[in-house]
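Just so you know, the protein sequences line up as chains A and B, in that order. Quick note: the first sequence uses the numbering used here, first residue 3, plus one each step. Quick note: the second sequence uses the numbering used here, first residue 10, plus one each step.
Calculated directly from the structure, the hints in this document are not laboratory data. Since this is a predicted model, take the numbers as computed values, not measurements. Incorrect hints may appear among the rest.
[As the list claims (entries may be wrong)] Here are the in silico distance ranges between beta carbons for each label pair: (1) B:E90 to A:R147: 30 to 38 Å; (2) A:R173 to B:R50: 30 to 38 Å; (3) B:D112 to A:V116: 42 to 50 Å; (4) A:R173 to B:R150: 29 to 37 Å.
[Said to hold, decoys possible] Per the computed footprint, the stretches of chain B lying under chain A, defined by three or more beta-carbons under 8 Å from a beta-carbon of chain A, are: (5) 198 to 205; (6) 210 to 216; (7) 219 to 231.
Every residue gets a Cβ at the ideal spot worked out from N, C-alpha and C, and that includes glycine.
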Amino acid sequence: MDGSRVAFRTLFSVAAVAVVTGVVFVLRPAAPVVSLGVIYVVAVVAVAVVCGLAYAVPVAVASMLTFNFLFLPPVHTFALRESENWVALAVYLVTGVVVGELATRSRRLAREAVAAETLRQSDAAKTAVLRAVSHDLRSPLTAIRTASEGLANPSLALGEAERHELLDTIRIEVRRLERLVENLLDLSRLEAGPAVRTPDLWPVDVLLATALEQLGPDAERIAVTVPTDIPPVTVDSAQIERALVNLLENALKFSSPADAVDVKVSAAERGVRVTIHDRGPGIPEADRGRVFEAFERGSTAVRGTGLGLPIARGFVEANGGTVSIAADPVGATFVLELPAAAERPALAT
Amino acid sequence: MLVVDDEPQIVRALRTSLEATGYDVDVAATGEQAVAAAAMRPPDAVILDLVLPDRSGIDVCRELRGWSKAAILVLSAVGDEGEKVAALDAGADDYVTKPFGIDELLARLRALMRRAAPSTAPVVELGDVVVDLERRLVTLRGDPVALTPTEFDLLRLFVRNEGKLLTHPTILREVWGPAYGDESHYLHVYVSQLRQKLEADPTRPRLLLTEPGAGYRLVRPS
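Let the hints inform the model, and build the full structure from the sequences given.
Okay, structure coming up:
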């Protein structure tokens, strides 16, 4: 236990006895002094609840001695004239200790109940995670198995086109599995604590280029606009590239393959803004906070574990930026903002 | 060609594809076996997994580099950026990230083998871009491109190492001098400028490619 807590508890115990003593002193003309001793139980209970039994017992003894010394005849001595006063004091002490013990125990029980509930909730979260992950693992595995067994089966008369289709299925599903593994790794890194960053000065177009490269052929329908006078940002490139990949992948997933996804880079008040706009069904206002929570999918969700957006937000925030959803009549618009680098490079040479 | 990996399925897939391409393939499952095999029958290239049962692939890399001229291509896992960079520092020539595509791997190998005879031609054509290294002139589809001296030095380094992965520290050392070896501050900004001047779409570069977490590579546009 650290020193400041001991000090606080000691002070609280002394104050409790002092306050009750004051109250007894004030009430003395109104009631027989022996019966006022019961008020010390209040001090004992308060100390037991706030500080625990270890403080309640000394407070009970101190209360008895104070009451005896100040109020019971002969006053200002620890001697007692009447034996009834001894009995009364013993009763107060026992009551104080018992009540103190009960208060401590109920405090502990309450604490245990909270712990049990936390454990139950984290178990429920784990179950939800496992269910989502195993679904997302199993469906590509099934597709790969079916396609590869189809290719290997000599009794199937497959034409060239069918063989290509099955091979394509395998490639696409393998890619899905790879992305899932990457996302789980990222998430576990983010959950483990503040992500370790290796920040460097990056122009946003270089980060975007890497993100587009990682998205592969799907990225062809992304239309990018980057003006030339955008200031560079100081970020961990791998983290921001991953955030961009996840936001772009989300936009591609939730919009028709016939529609473009627009990416616009602009200078913002305190840095650089990247808006990612798709022409999909959009995100209902009620879902806009939820889509950034792990394993949540918006009500219009197609498929996926729902890991992409929380990871994007986690990495962007770790780099001092923000991700939000702008109100938009058509489709969804995600806005990523990154603070501009403090130092500007000299670009003269 | 020496393949070093302890996962039999990966070795099998690599061996099949490499032999089908016409390479002669030896296999090792541990670091010790790899060093012994490379000493017995010196390979032109080593494909080396960084995670081996007996010792780290980075160690093996450093040891091989001590006495072997073989090109070293390391296989690194997603998320192990640090390992990858350490292997490149220890003398590896290039890397591919697991899970990798076989086409990508073969292309990297071809580039590594070709590098044995670097070009010294003063004028290099890279698709629409023509670089005259002696006269420090660059043209894009016949039109001259104005490059700053640093931009040109950077481009020249890439052209002289066509196809090769150049790590951030290597580039900084070569272009800015040894004092800049540790911070890549200005490098990315200059790469962005070069792309804006030379690429048709700077956000979809075809000439000057990023190798995430490691460096840049200049390739001849196909």
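Note whether the CB distance of D112 of chain B and V116 of chain A lies within 42 to 50 Å or breaks it. violated (56 Å)
Note whether the CB distance of E90 of chain B and R147 of chain A lies within 30 to 38 Å or breaks it. holds (32 Å)
Closer than 8 Å Cβ to Cβ for three or more residues is the test here. Does the segment 219 to 231 of chain B pass it with chain A? holds (count 3)
Per-stretch coverage check for the segment 210 to 216 of chain B, three Cβ contacts closer than 8 Å to chain A: With 5 residues in contact (Cβ-Cβ under 8 Å with chain A), the coverage given for the segment 210 to 216 of chain B holds.
Can the suggested window of 29 to 37 Å be confirmed for the beta-carbon pair R173 of chain A and R150 of chain B? holds (35 Å)
Mind checking, does the segment 198 to 205 of chain B have 3 or more residues with a CB under 8 Å from chain A? Since 6 is at least three, the answer is holds.
Tell me if the beta carbons of R173 of chain A and R50 of chain B are separated by a distance inside 30 to 38 Å. 35 Å Cβ-Cβ, so the 30 to 38 Å window holds.
Consistency note: the structure conflicts with earlier hint 3 alone.
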